[in-house]
Amino acid sequence: MHWMLEGQWYSVDYDAFVALLGFLEEDLQRDRIHTEQVESLEQLAYMYPLGGERGVVGKVLGLHPTYRYLDRMFRETIDCKGGDK
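To convert, take the position in the sequence shown, counting from 1, and add 1; that gives the numbering used here.
Hints may be right or wrong, so weigh each one.
[To be verified] Here are the computed distance ranges between Cβ atoms for each label pair:
hint, residue 1, residue 2, range
1, Q44, Q9, 19 to 27 Å
2, R69, V13, 15 to 23 Å
3, A17, T67, 27 to 35 Å
4, E7, E40, 31 to 39 Å
5, Y68, Q38, 30 to 38 Å
6, D72, A17, 19 to 27 Å
7, V39, M2, 16 to 24 Å
8, L25, Y68, 16 to 24 Å
9, L62, L29, 28 to 36 Å
10, Y11, V61, 21 to 29 Å
11, E7, R31, 30 to 38 Å
12, M74, Q30, 33 to 41 Å
I should point out that these hints are in silico values taken from the structure, not numbers from a laboratory. The beta-carbon is built from N, C-alpha and C at its ideal position, and this holds for glycine as well.
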């Protein structure tokens with residue numbers, strides 16, 4: 002994963018990134034996230050302030066800032082749209 006913060010480029014490999022997120026060594030042996038089943042909207046509500054009462058669960062609108070930032074990082078590196086670098 003690569004990103005820029007305040008004009009400075011940073012990068013981290015997969016193993017280091019998941020360790021920073023608090024995953025354990027045995028978690029590295031699990032299937033990658035893109036192979037797992039999508040969570041229901043009820044299971045996603047914790048990522049929104051007040052359990053989804055503000056924002057639109059399942060959409061970017063109203064995401065807690067932590068998850069919004071992760072979404073932006075992943076969209077830029079994993080699921081780039083045309084023209085994104």
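Outcome of the hint check:
The hinted window of 19 to 27 Å between Q44 and Q9 is violated, with their beta carbons roughly 36 Å apart. At about 19 Å, the CB distance of R69 to V13 agrees with the hint of 15 to 23 Å. At roughly 19 Å, the beta carbons of A17 and T67 sit outside the given window of 27 to 35 Å. Under the hint 31 to 39 Å, the C-beta atoms of E7 and E40, about 33 Å apart, fit the expected range.
Y68 and Q38 have their C-beta atoms about 19 Å apart, which leaves the hinted 30 to 38 Å range violated. The supplied range of 19 to 27 Å is met by D72 and A17, whose beta-carbon atoms lie about 20 Å from each other. About 21 Å separates the C-beta atoms of V39 and M2, a value consistent with the hinted range of 16 to 24 Å. The hint said 16 to 24 Å for the Cβ distance between L25 and Y68, and at roughly 21 Å that hint holds.
The beta-carbon spacing between L62 and L29, approximately 33 Å, falls within the hinted interval of 28 to 36 Å. Taking 21 to 29 Å as the suggested C-beta distance range, the pair Y11 and V61 conforms, at roughly 23 Å. Hint check: E7 to R31, Cβ distance near 33 Å, so the stated range 30 to 38 Å holds. Remark: the range hint 33 to 41 Å for M74 to Q30 is contradicted by a beta-carbon distance near 24 Å.
Hints 1, 3, 5, 12 from the earlier list are contradicted by this structure; the remaining hints agree with it.
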